Amino acid sequence: MFSFEKRPQPSKFWIVFTPILAVILTLIAGAILFSTLGKPPLESLKIIFWDPLFHPNYAAYSRPQLLVKAGPLILIAIGLSFGFKAGVWNIGAEGQYIIGAVIGGGVALAFYPYESIIVFPIAVLFGAIGGFLWAMIPVVLKIYFKTNEILVSLMLVYVAESVLISVSQGLLRNPDGMGFPGSRNLNQYTSSANNELIAGTGFHWGVIFALLSVIFAYFIFQKHTLGYQVKLTGEAPKAAKFAGVNPNLIVFFCLGISGTLAGLAGIFEVTGQAGQITSSFNSGYGFTAIIVAFLGRLHPVGILLAALLMALTYIGGELAQFQLQLPAASIQLFQGMLLFFLLAADILVNYKVSRKII
Amino acid sequence: MTKKLLELAGISKSYPEVIANSDISFNINTGEIHALLGENGAGKSTLVKTIYGLVKPDTGKMLLNSKQYMPGSPSEARKAGIAMVFQHFSLFEALSVAENISLGMESPPNQSKLAKNIRSVSKSYGLPLEPSKTVGSLSAGERQRVEIIRCLLQEPKLLIMDEPTSVLTPQEVQILFKTLLKLKSEGTSILYISHKLEEIRTLCDTATILRLGKKVETCIPKKTSAAELAEMMVGSSIQIPQQKKRQTGKILLSVENICSKSDNPFGTSLSDLTFDLNACEILGVGGVAGNGQDELLSILSGELMAKSGQIKLGDQIITGDKPSARRDYCVLSAPEERLGHSAAPNMTLIENTLMTASQSQQLISNGIIDWERTKAFTEKVVKKFDVRTPSVENVARSLSGGNLQKFVIGREIQQKPKVFIVNQPTWGVDASAAASIRQALLTLADYGAAILIISQDLDELLEISDRFAALNEGKLSEVRRTRDLTMDQIGLMMGGKKKLELSDV
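Those protein sequence lines, which keep their order, are chains Z and A.
Going left to right, the first sequence walks through residues 1 to 358 as the working numbering numbers them.
Going left to right, the second sequence walks through residues 1 to 505 as the working numbering numbers them.
Hints listed in this document are in silico derivations from the structure and should not be mistaken for laboratory results.
There could be a bad hint or two in this list.
Within a straight-line C-alpha distance of at most 25 Å, the following computed DSS-like cross-link-like pairs (lysine-lysine) qualify [stated by the list, open to error]:
(1) A:Lys-133 - A:Lys-61
(2) A:Lys-322 - Z:Lys-142
(3) Z:Lys-352 - A:Lys-56
(4) A:Lys-375 - Z:Lys-223
(5) A:Lys-4 - A:Lys-116
A short list of chain Z residues far from chain A (calculated; beta carbon distances all over 10 Å) [what the hints assert, rightly or not]:
(6) Pro-10
(7) Lys-39
(8) Gly-182
(9) Leu-226
(10) Leu-232
(11) Phe-242
(12) Asn-246
(13) Ile-290
(14) Leu-305
Small disclaimer: the values here were computed from a predicted structure and weren't measured.
All C-beta atoms, glycine included, are put in the ideal place defined by N, C-alpha and C.
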């Protein structure tokens with residue numbers, strides 16, 4: 001019989017090693033999954049993890065995609081990490097991300113066809129505001145009516161999706177689009193286009209903001225009293241109250257930051273990679289970012305690496321679908337396994353396995 | 001001629017980092033009250049859990065009535081005639097007494113028969129208890145009776161009691177002792193766990209003393225002095241805190257007609273609290289747990305806002321001030337719950353220092369934390385208050401109870417509070433740490449601070465407080481000079497008796 005015994009101190013070794021262990025276990029389980037689907041397991045893993053970066057034919061296209069996809073994931077996950085550290089569970093980043101895109105994109109479209117360099121910054125600003133305001137709904141409800149932010153923020157995702165469908169077919173529909181749903185292409189409207197800043201790298205404004213958000217989060221958690229208060233609230237809410245932390249302020253701050261960053265991710269996506277506001281531009285980044293935040297241990301640098309890894313599974317997954325006809329669901333399953341193994345391996349940080357019978 | 005009921009031979013149990021029991025052997029005779037004495041962490045609970053079937057020893061054996069006995073579970077132990085009353089009750093507040101009792105029985109009779117049984121047992125052992133009452137409405141003493149009666153209904157041969165008096169008033173203690181003596185006279189053996197020496201000397205026939213997992217001695221407590229017992233328990237003689245003669249100073253903190261509503265649904269609301277706290281004085285507030293102690297601390301620390309009434313620091317009204325504002329005025333506090341309230345378990349000592357010391361030590365400027373200074377202050381606290389930890393980078397929960405308590409109290413005292421409020425300063429702390437904490441509090445009063453100590457340990461309050469009051473259902477008794485009080489009067493104050501009745505005593 002194995003049993004778990006609580007460690008007196010969290011293990012420093014396992015804090016770093018559990019994500020690595022989780023990735024290894026996912027690779028093993030993924031190989032088993034792919035082979036039961038009748039696909040060559042090692043070949044599948046190679047296509048997912050190796051080919052996007054180094055395959056002579058695909059790498060040229062795939063490599064820049066890495067940053068394109070990691071950018072929004074980093075932005076959203078960094079925002080979520082604030083709340084998750086404080087025990088404020090924003091599950092609705094997807095909604096904030098969508099509304100950021102809709103508001104920011106809508107503002108940009110209002111300028112069309114006027115050309116000016118101020119259009120893009122204004123669109124970005126309104127994208128941030130849109131995400132922020134959408135996140136304020138659960139904040140207000142939580143502070144004044146003590147509602148549960150998990151449920152409210154999650155349900156607001158479905159509201160946001162309905163809004164998205166509505167505007168892409170009505171308010172923001174491209175008048176020259178021959179009745180097809182979807183807005184004008186913001187990426188082809190020069191003033192609002194979020195193009196690569198260095199050709200062939202995928203490095204766009206969203207990536208710059210993502211890196212800034214990593215530095216910002218790192219600074220707040222290492223040096224600033226707000227980061228300390230966030231952590232204290234998550235670790236011991238009663239102690240935080242005793243220390244004089246205002247819990248409402250923490251809720252506001254955490255959801256405000258994650259809403260803003262998710263909104264930014266939305267506007268960068270819709271003016272860049274996606275181009276159009278359509279009912280399916282969002283690709284679920286707001287949910288995937290939850291995995292990224294935990295995979296990165298809620299640490300800014302960890303999130304940066306986790307987002308790159310997750311982006312790789314996206315791109316590699318597409319390649320595998322294309323080359324081996326792997327079903328799309330199996331790739332999602334593969335990503336889900338990563339979170340599953342991470343959470344399972346997490347126990348090793350605070351517990352050690354012993355063989356003794358109690 | 002005494003007959004051996006339970007024989008323990010060479011019981012050992014070790015956990016990965018600690019040896020809880022090492023080669024412990026002693027006997028419990030039929031019809032005796034046997035004390036198990038030791039400090040926190042001496043191995044008492046592990047040993048008792050072994051007897052009750054919750055822990056399997058690594059080596060050693062037990063004989064019950066000369067027959068091999070090794071229970072695999074508590075229900076086997078109960079079948080063999082062993083019952084246990086835990087220190088922390090396992091009762092459902094929303095259920096009635098009878099329902100609670102039937103839940104703990106192997107084969108409960110129907111409710112009306114059970115109620116009859118409960119009444120007859122409670123009558124014959126002098127433990128008044130109404131079976132139809134909801135447990136939520138009972139006092140701690142009454143809840144303990146529920147647990148005791150639950151055990152007695154099984155007619156045990158051995159009753160184990162874990163620190164039973166820690167939640168009782170002196171009067172309730174007397175009732176309990178009578179019950180235990182009656183049980184003894186009927187031939188039931190009792191294993192009585194405690195660290196209160198006087199209790200053991202009056203009640204128990206034999207005492208086995210444990211220290212650091214080993215048996216030190218089995219002796220007859222009535223023939224051993226309290227000092228000798230204490231020395232066996234601790235392993236060295238304890239420095240008893242020195243009470244210096246102090247001149248009480250002017251009023252520092254005055255509390256006038258404070259009423260509050262607890263934010264915890266099972267909490268107690270404070271009603272009409274009025275008292276003064278003087279410089280150079282220790283005011284002790286006694287009372288049975290759950291009578292508003294946590295709320296009293298919260299209202300003074302600023303975590304809980306008063307509904308009405310006033311708190312004044314000198315001439316300044318601080319009723320509406322938040323915890324951090326009160327810290328600016330050097331009104332500091334240390335709540336009872338170490339892990340989760342006065343300290344965050346998973347954060348380092350350095351981070352825990354920042355929690356309350358950031359203002360007085362100027363550890364934060366423009367929102368930026370000065371970790372170097374915080375570390376330096378933490379190290380000062382650790383050194384000055386002899387907190388044993390490998391490093392200040394260790395997380396709070398890795399410290400033993402006593403060391404963590406020295407840390408949280410030291411963290412506040414090192415900031416030189418003008419007013420210091422502390423709840424249960426030595427709860428669950430070993431004797432030497434407790435003595436050093438009490439000494440630190442006395443020294444702080446010598447320097448002119450006003451100190452309010454809320455405690456359930458009467459001996460502690462009698463030892464170090466200048467004046468005494470008791471909390472009962474959120475009301476505060478009259479405040480009286482400690483040295484003029486008798487145990488009887490204290491008991492009445494804790495039971496909520498008014499002034500008139502007090503003067504009759």
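For each hint, the structure was consulted:
Distance hint between A:Lys-133 and A:Lys-61 is unfulfilled; the C-alpha atoms sit about 42 Å from each other, more than 25 Å. As the CA atoms of A:Lys-322 and Z:Lys-142 are separated by approximately 21 Å, the hinted pair is consistent with the 25 Å bound. A C-alpha spacing of about 20 Å is found between Z:Lys-352 and A:Lys-56, which places the hinted pair at or below 25 Å, so the restraint holds. The hinted pair formed by A:Lys-375 and Z:Lys-223 meets the criterion: a straight-line CA distance of about 14 Å does not exceed 25 Å.
The straight-line distance between the Cα atoms of A:Lys-4 and A:Lys-116 is roughly 34 Å, outside the 25 Å bound, and the hint therefore fails. With a cut of 10 Å on Cβ distances, Z:Pro-10 falls inside the contact zone with chain A, its closest approach being about 7 Å. The Cβ of Z:Lys-39 sits about 43 Å from the closest Cβ of chain A, beyond the 10 Å cut-off, so the non-interface label holds. Residue-level check passed: Z:Gly-182 sits 45 Å from the nearest beta carbon of chain A, beyond 10 Å.
Non-interface call for Z:Leu-226 relative to chain A: violated, since the shortest CB-CB distance, roughly 7 Å, does not exceed 10 Å. With a cut of 10 Å on Cβ distances, Z:Leu-232 falls inside the contact zone with chain A, its closest approach being about 6 Å. The beta carbon of Z:Phe-242 sits about 6 Å from the closest Cβ of chain A, which is not more than 10 Å, so the claim that it is off the interface is violated. The Cβ of Z:Asn-246 does not lie farther than 10 Å from every Cβ of chain A; its closest approach is about 8 Å, which violates its non-interface assignment.
With a minimum CB-CB distance of about 22 Å to chain A, Z:Ile-290 clears the 10 Å threshold, and the non-interface call stands. Residue placement check: Z:Leu-305 keeps its beta carbon more than 10 Å from all beta carbons of chain A (closest about 23 Å).
In this structure, the earlier hints numbered 1, 5, 6, 9, 10, 11 and 12 are contradicted, and the remaining ones agree with it.
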